[in-house]
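> So the protein lines, in turn, are chains X and S. By my numbering, the letter at position 242 of the first sequence is numbered 242, and the numbering carries on one by one without gaps. By my numbering, the letter at position 145 of the second sequence is numbered 1145, and the numbering carries on one by one without gaps.
Calculated directly from the structure, the hints in this document are not laboratory data. Virtual Cβ for every residue (Gly too), placed ideally from N, Cα, C. One thing to keep in mind: the hints can contain errors.
As the list claims (entries may be wrong) - BS3-like cross-link-like pairs, simulated, lysine-lysine; straight-line CA separation at most 25 Å:
hint : chain 1 : residue 1 : chain 2 : residue 2
1    : X       : LYS529    : X       : LYS444
2    : S       : LYS1324   : X       : LYS43
3    : X       : LYS170    : X       : LYS184
4    : S       : LYS1286   : X       : LYS125
5    : S       : LYS1200   : S       : LYS1324
6    : S       : LYS1293   : X       : LYS59
7    : X       : LYS131    : S       : LYS1286
8    : X       : LYS130    : S       : LYS1286
What the hints assert, rightly or not - Over 10 Å on every C-beta distance to chain S, these chain X residues come out as not near it, computed from the model:
hint : residue
9    : GLN87
10   : PHE115
11   : ASP551
Chain residues, written in single-letter form:
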Amino acid sequence: MPKNISIFINNKKYSAEIGQSVLDVAKKNNIYITTLCHHPDIKVQGSCRLCLVEIKGRKGLFTSCNTQAENGMRISTESKNISRAKQTNLELIFSEHCEECGDCIYSQDCTILDFAKKYDVKITKYEDRKKAYPVHKFGPALEFDTSKCIDCGLCVDVCKKEGVDFLEYKKKGKFYEVCPSSKKDKDCIYCGQCLTHCPVGAFEGVGEFEDVDKYIDAKGKTVVFQFAPSIRSSIGEEFGMPVGSVVTGKLIAAIKALGIEHVFDVCVGADMTTMEEATELIERFEDDRPLPMFTSCCPAWVKYVEFYRPDLIPSLTTVKSPQVIMGGLIKTYWAQKMNINPKDIIVVGIMPCVAKKYEIERSQNNVGKFKSVDQILTTRELAHLLRKKKIDLATIKPDSAKSPLLKPSGAGVIYGSSGGVMESALRAAYKKMTNKRMPKLNLKEVRGIHGFKKAEIKIADKTLKVGVVNGIANAKKLLEELEKDPQAYDYVEVMACFGGCIGGGGQPVPVNDEIRKKRSAALYNLDTKKVARSADENPIIKKMYKDFFNDDKNRHSVCHTSYRKKKKEVFPSK
Amino acid sequence: MKNKNIIAKLKISNLRGRGGANFPTHAKWQMFADANSKKKYIVANGSEGEPNVLKDGYILKNHPEVLIEGLKIALDTFKGSEAFIFLRRDYFKKYKKKLEKLIGDLPITVFREHGGYLSGEETVLCEEIEKNLPARPRTKPPFPGQAGINGLPTLINNIETFYQIAKIAQGKYKKTRLYSITGKASYKGVFELPVDWAIKKILTKTKNKPEFKYFVQVGGGASGDILLASETTQKVSGSGAIVIYDRDQTDAWVLMRTWIDFFMQENCDKCTPCREGSYRILEMIKDRQFDEKRLDDLFFVLENTSYCALGRSIPLPFRSLIKKILPHTRN
Chain X
1 MPKNISIFIN NKKYSAEIGQ SVLDVAKKNN IYITTLCHHP DIKVQGSCRL CLVEIKGRKG
61 LFTSCNTQAE NGMRISTESK NISRAKQTNL ELIFSEHCEE CGDCIYSQDC TILDFAKKYD
121 VKITKYEDRK KAYPVHKFGP ALEFDTSKCI DCGLCVDVCK KEGVDFLEYK KKGKFYEVCP
181 SSKKDKDCIY CGQCLTHCPV GAFEGVGEFE DVDKYIDAKG KTVVFQFAPS IRSSIGEEFG
241 MPVGSVVTGK LIAAIKALGI EHVFDVCVGA DMTTMEEATE LIERFEDDRP LPMFTSCCPA
301 WVKYVEFYRP DLIPSLTTVK SPQVIMGGLI KTYWAQKMNI NPKDIIVVGI MPCVAKKYEI
361 ERSQNNVGKF KSVDQILTTR ELAHLLRKKK IDLATIKPDS AKSPLLKPSG AGVIYGSSGG
421 VMESALRAAY KKMTNKRMPK LNLKEVRGIH GFKKAEIKIA DKTLKVGVVN GIANAKKLLE
481 ELEKDPQAYD YVEVMACFGG CIGGGGQPVP VNDEIRKKRS AALYNLDTKK VARSADENPI
541 IKKMYKDFFN DDKNRHSVCH TSYRKKKKEV FPSK
Chain S
1001 MKNKNIIAKL KISNLRGRGG ANFPTHAKWQ MFADANSKKK YIVANGSEGE PNVLKDGYIL
1061 KNHPEVLIEG LKIALDTFKG SEAFIFLRRD YFKKYKKKLE KLIGDLPITV FREHGGYLSG
1121 EETVLCEEIE KNLPARPRTK PPFPGQAGIN GLPTLINNIE TFYQIAKIAQ GKYKKTRLYS
1181 ITGKASYKGV FELPVDWAIK KILTKTKNKP EFKYFVQVGG GASGDILLAS ETTQKVSGSG
1241 AIVIYDRDQT DAWVLMRTWI DFFMQENCDK CTPCREGSYR ILEMIKDRQF DEKRLDDLFF
1301 VLENTSYCAL GRSIPLPFRS LIKKILPHTR N
């Protein structure tokens, strides 16, 4: 059998591989076929029935997503029958989707509305079937409005792929509905992958978009913004810039244009996380404390451990996540320097993540009496706010970012990508253990969007076995390895989202591996351009250790947290 | 040798699957024999989920040993295979013990179905045995004969098919099939009669030919075609059901309502046309009024774009009832 075949689409010849679907071949050759339920991350659903084609010599219509390309096949993507079927199926899809366009994550670019225009669809032909359907609230992180759900199945499958399997089909009356699980041993971890894989905006972050300007004009308060590592290479997409554009300076300028005087880069917080985490790793190594040590920057992973695997709590690093440390620093170190009462400071974090909305509610993350961070806006929410205030990120002149709290090391920047935390901590640990800079700074073994990466790193006379996983399903695989061999790893980084934070639940949609790769590459590229490549080389970090963290109480209050076993907190609403 | 022998016999007998799809059994067995795998599965499908189809239950009640004999032939032919008897829940409850006694040491598991009508669809059946619930159909190809349960070749035949296979092997096959006769029949029940008899002849033979004006639904009690008395010169297709209706006493809207309720209850809601299209048909039936253009569009997407055979089969009985009977129904 030939490995390469050719098929004809609209009378033009294209080469294809055996096993490819007709839709794959079309997509690869930029031939547009309408589809809603196809996502490259997820196995073919075949549920929306919109990607219809005709095949010469065969009767009827075929869905291109689950029709395999065969040598010599002649495909048409447009015909009277195709249009008729697409129009009818679209009318049916609209009959189960209650529109709320102004408050939708796809308000800028709505696929189904585009299709409706193309196929002359009367979107109100049928009365909405789901108008009385419930909104399920997933903690302080997510909402699922089932009156918008078109039953494509992507969220259920991505939740399964994630390794959580919390969304399921339940039969209510005559219909199956997508529902959060009511089982006692299942809970949502707030990763938000359901949201980024939903084609019609049935999921949204809590407060998205109605709360975006909640604190903007807070009277008598100093409102400050801080932004996460991965935002700089993703938010440009919201303003029509090419995927992977780095917009750090523009982002700062745009936030300042909102009237926010003080802007902070969470990468500096990441540098602090790195320093503390490297220290803890060395201590654990030397004191025979439980290994491997697991990272805790990802709140969805922390939730997973606290609910599903509380036995692993002693293995989680006690170091807080970068945004929590940064917020803590703002309300202590910076507040003292600026002579502002921390109770009058409101910290708004711009995050790639909906689980961060949950993380800031954890009392263990407070700094003294105060919440470290007061509000989270996702990348999408900040973009919405900027658009609302008519600030165009694409055209705004970049800010020169003079403040030292806007100057991270390269290691702080790569936190946004799977493997970044590990690489940063290893650079710092190397320095701490050998008093030298790591000779090979680019740890290619732990980079990239692959779900499961392993490496052995030599530091002084020790060999560190490290694992980097993204997606809880991969974390589970790693945990299985540990069951068999408890010494298999010394240090493990877990991120719930595919590719790490660059693929987070708060990031622009759509997302796929191509987009993840570009967002990630942009961060690594920034790293190589920095003079300070390791957290320990960052002058502001050195200064804070000297002036502020010389008091261990400060260090502990700002940088360390604790964990506890959790009960189920998300239930289906009635 | 034995292997070749039975497949050749099946070919000569011209036995076709009795689950409803009418696929030549020898071709299915040949495909399964050709599938290259050490481990294979064999399933006797007793899902029998369509209204008014009773024949698998009849075999389980009256001739379970013939079914087991049929399965034994398959197990002997395909050495090292493992078999299941896949039963709807009430059959499972009633016949499990009896079957297990007959099974003895044979590698046959009596399996309780989880879903309903759709569970009899071959790929859904595989999903159920794999415990992927709620089970939904898979894309074909691959067909279960190539990759079924756990991705391994799986031979799925209807219970009646295995019953007839046993008869073929014993040289006792008389080219008969089991007809379920229900509705306004004088003698309801399951009758074993020649495959090539016309409906009229079957009704006469079983003393079920109505004196009143009647029509029949043939093949299955929901998806079967509607035939007028004048059309009963045809043979019975599908799963062998004949449902007799009184033409004057039957309210076509009520009948359509039972069908659409059945399809909506039993479908898996995976694909747009079947989930939403059937609902919109229900709405019109409730109003006792069709918007013809709308109905035609819905039938069009059901027939042409449904994911599986369930959705594709919905329009047939409606189309024929609307054409033949509805005009005589008072609104």
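> Now, for every hint given, state plainly whether the structure supports it.
Against the structure, the hints:
1. Using a Cα cut-off of 25 Å, the hinted pair LYS529/X and LYS444/X holds, with the two alpha carbons roughly 17 Å apart.
2. About 44 Å separates the Cα atoms of LYS1324/S and LYS43/X, which puts this hinted pair outside 25 Å; it is violated.
3. Restraint check for LYS170/X and LYS184/X: the C-alpha separation of about 16 Å stays at or below 25 Å, so the hint holds.
4. A distance of roughly 18 Å separates the Cα atoms of LYS1286/S and LYS125/X; the hinted pair therefore holds under the 25 Å criterion.
5. Our distance criterion of 25 Å between C-alpha atoms is met by LYS1200/S and LYS1324/S, whose separation comes to about 18 Å.
6. A distance of roughly 22 Å separates the Cα atoms of LYS1293/S and LYS59/X; the hinted pair therefore holds under the 25 Å criterion.
7. For the hint pairing LYS131/X with LYS1286/S, the CA-to-CA distance comes to about 20 Å; that is within 25 Å, so the pair holds.
8. Taking the CA atoms of LYS130/X and LYS1286/S, the gap is near 19 Å; set against the 25 Å cutoff, the hint holds.
9. Not every C-beta of chain S lies more than 10 Å from that of GLN87/X, the closest at about 8 Å, which undercuts listing it as non-interface.
10. Against chain S, the non-interface label of PHE115/X holds: every CB pair exceeds 10 Å, the least being about 13 Å.
11. In this structure ASP551/X is separated from chain S by more than 10 Å, as the shortest Cβ-Cβ distance comes to about 57 Å.
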